[in-house]
Amino acid sequence: MDEAKQVGEEQGMTRRDFLMSAAMTTSLAASATVAASFGWQFVYPAVAQIPTVQVLALSLSKLPAGTSKVMKLGGNEVLLVNKNGAVHAISTVCTHLGCRAAWEESRRQFVCPCHVGVFDADGKVVAGPPPRPLGEFAVEVKAGNIYVAVPQKEGAA
Amino acid sequence: MSIESTPQTKKGWRGWLGERFPIDVKVYEELAKEPIPKHMERWWFALGGTPLLLFAIQAITGILLTWYYVPRPDVAYESVQRITTQIPYGWWVRGIHQWGSQLMIITVVLHMLRTFTTGAYRRPRELNWMIGTGLLVITLSFAFTGYALVNDQLSYWATTVGTNMFAEIPIVGPIILQMIRGGMVVTADTMTRLYPLHIGALPTIIVTFIVLHVILIRFLGVTDLDKRERERLARAGKSAPANGKHEREASHFPFFPDHMMTELVIGMGVLIILVNLTILFPPTLGPHANPAETPSHIKPEWYFYPVFRWLKLFPLQLGLAGLGIGAACFVLWPFIDAFIEKRTGNRDVNVYLGFLVAVGAFVFILWELFALQ
Chain A
1 MDEAKQVGEE
11 QGMTRRDFLM
21 SAAMTTSLAA
31 SATVAASFGW
41 QFVYPAVAQI
51 PTVQVLALSL
61 SKLPAGTSKV
71 MKLGGNEVLL
81 VNKNGAVHAI
91 STVCTHLGCR
101 AAWEESRRQF
111 VCPCHVGVFD
121 ADGKVVAGPP
131 PRPLGEFAVE
141 VKAGNIYVAV
151 PQKEGAA
Chain B
1 MSIESTPQTK
11 KGWRGWLGER
21 FPIDVKVYEE
31 LAKEPIPKHM
41 ERWWFALGGT
51 PLLLFAIQAI
61 TGILLTWYYV
71 PRPDVAYESV
81 QRITTQIPYG
91 WWVRGIHQWG
101 SQLMIITVVL
111 HMLRTFTTGA
121 YRRPRELNWM
131 IGTGLLVITL
141 SFAFTGYALV
151 NDQLSYWATT
161 VGTNMFAEIP
171 IVGPIILQMI
181 RGGMVVTADT
191 MTRLYPLHIG
201 ALPTIIVTFI
211 VLHVILIRFL
221 GVTDLDKRER
231 ERLARAGKSA
241 PANGKHEREA
251 SHFPFFPDHM
261 MTELVIGMGV
271 LIILVNLTIL
281 FPPTLGPHAN
291 PAETPSHIKP
301 EWYFYPVFRW
311 LKLFPLQLGL
321 AGLGIGAACF
331 VLWPFIDAFI
341 EKRTGNRDVN
351 VYLGFLVAVG
361 AFVFILWELF
371 ALQ
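Protein sequence lines, in the order shown, are assigned to chains A and B.
Going letter by letter, the first sequence gives residues 1 to 157 in my numbering.
Going letter by letter, the second sequence gives residues 1 to 373 in my numbering.
Be aware that a few hints might be false.
[Said to hold, decoys possible] Which residues of chain A face chain B? A few of them, derived with a C-beta cut under 7 Å, are: (1) Phe18; (2) Ile50; (3) Pro51; (4) Gly74; (5) His96; (6) Leu97; (7) Arg100; (8) Trp103; (9) His115; (10) Val116; (11) Ala127; (12) Pro129.
Treat the hints as calculated values from the structure; they're not laboratory data.
C-beta atoms are modelled at their ideal positions from N, C-alpha and C, and glycine is treated no differently.
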């Protein structure tokens with residue numbers, strides 16, 4: 001015991017000093033962890049996932065096979081395409097960096113004005129830097145009406 | 001000797017102040033007059049103080065703008081409109097702030113280009129180079145967060161594109177994206193996050209970096225390029241290195257007032273340019289932000305053109321990876337340069353590379369400026 005104390009003193013730290021330092025360091029680390037946890041929850045957005053809602057788009061009779069129509073559904077711009085009777089709802093949000101790709105009816109393509117990504121009527125990448133096809137929303141046809149499941153937009157800036 | 005026991009050597013207000021604020025003015029006078037190498041007489045070597053002057057102007061005009069600017073998305077645009085069209089000389093204050101940010105970027109880049117091409121970042125100044133690269137990133141972050149606050153179409157889509165780039169960082173990207181935006185998409189919470197960054201966090205960080213930068217310059221001194229050249233020639237057996245007090249006196253001149261005067265003249269020139277740009281090209285305001293429509297010919301501010309064009313040329317992941325690797329090489333360049341020199345003995349890579357990058361960036365800016373798409 002005395003020997004151990006002596007060794008500690010020779011090394012510049014007694015057992016009491018060591019325990020005191022260890023207790024202080026542990027307390028400080030615990031406090032910092034709690035503060036970091038609270039801080040993280042404060043700054044991290046409360047709404048991490050946007051809920052999806054099903055929206056009535058239009059009557060199927062108004063979208064005959066082989067035609068398409070750009071619509072605003074729940075704050076989202078959507079291209080509705082009737083391809084041989086199967087309805088597709090394509091998002092116009094460019095998969096490159098999030099700008100709105102504009103539908104150009106004359107060339108039947110989406111063109112993103114930001115980095116010139118080009119997509120065909122099915123949303124597939126034709127030219128430019130986008131990494132993947134345009135997103136597609138789930139479509140349901142009920143009682144002759146087209147319903148599209150779209151994300152419910154937060155308050156837009 | 002404690003401060004209390006310091007004898008009051010001077011009388012009157014100097015003595016009173018000296019007792020309560022015990023600094024020896026002569027020490028600071030000597031520091032100010034410290035000799036610096038002769039090559040610093042050239043204006044190309046006296047650009048370091050200019051961004052500092054512009055930062056001071058940005059701070060003053062920025063504080064003035066906060067008196068009228070309202071950082072709420074529903075009224076931010078209208079408050080900028082009011083500053084520009086209704087507040088007396090609001091257009092002028094906003095114009096100085098807007099042009100000041102652009103000149104600050106230009107002067108920081110010119111200063112870094114000079115440092116890079118003259119190899120002034122070499123041992124023992126590697127850390128100061130890294131602090132300098134940090135200052136460039138902070139300056140660009142000021143510009144990005146600044147024009148996001150206007151809430152016009154350019155603000156909204158630049159914020160959308162700029163923040164989306166973070167999302168591509170592996171693993172932590174989506175978390176960073178949501179932290180900056182305050183949600184999945186750019187919303188009201190995005191502006192209330194960018195505003196305190198622009199007026200609080202970034203100024204604090206940049207002041208810290210500037211202080212560190214200046215302290216290191218004072219501790220390490222500026223690179224004596226002539227001496228380095230003489231030593232290089234001596235190593236090559238072409239001449240003997242000159243040494244001694246007389247040589248130092250001949251090759252140096254005082255920081256104050258000589259070099260200070262050069263800095264002041266450059267500062268005056270920059271102020272004249274700043275005021276004239278503001279008067280000739282007063283600030284404008286684009287259409288109100290519209291999340292439903294991206295304008296057909298949208299482009300960021302010209303200083304982001306090289307990155308903008310780069311991202312058009314390469315697939316997303318490859319383009320962003322290229323930018324990340326480029327940025328890392330830029331920050332760590334002093335060590336890469338030392339490695340190249342050790343392996344090949346070539347000390348001029350920085351000159352060629354600096355020239356190449358500068359010309360490349362310039363070409364990209366022109367390309368984007370005149371490109372239809």
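Hint check results:
1. Given hint, Phe18 of chain A at the interface with chain B, is violated; its Cβ is 34 Å from that chain's nearest Cβ, farther than 7 Å.
2. Because the smallest distance between the Cβ of Ile50 of chain A and any Cβ of chain B comes to about 5 Å, under 7 Å, the interface hint for this residue holds.
3. Restraint check, Pro51 of chain A versus chain B: the minimum CB separation of about 11 Å is more than 7 Å; hint violated.
4. Taking 7 Å as the C-beta cut-off, the interface hint given for Gly74 of chain A is violated, the closest approach to chain B being about 12 Å.
5. Taking 7 Å as the C-beta contact cut-off toward chain B, the hint placing His96 of chain A at the interface holds, the least distance being around 6 Å.
6. Interface restraint check: Leu97 of chain A against chain B, minimum CB-CB distance 4 Å, threshold 7 Å, status holds.
7. Taking 7 Å as the C-beta cut-off, the interface hint given for Arg100 of chain A holds, the closest approach to chain B being about 4 Å.
8. For Trp103 of chain A, the suggested interface contact is broken, since its CB lies about 12 Å from the closest CB of chain B, more than 7 Å.
9. Hint status for His115 of chain A: holds, given a least beta-carbon distance of 5 Å to chain B, under 7 Å.
10. Below 7 Å, beta-carbon pairs count as interface contacts, and Val116 of chain A has one with chain B at about 5 Å; its hint therefore holds.
11. With 7 Å as the threshold, the beta carbon of Ala127 of chain A stays out of range of chain B, its nearest partner Cβ sitting at about 11 Å, so the hint is violated.
12. Taken as an interface hint, Pro129 of chain A checks out: its beta carbon lies about 5 Å from the nearest beta carbon of chain B, inside 7 Å.
Of the numbered hints listed earlier, those contradicted by the structure are 1, 3, 4, 8, 11.
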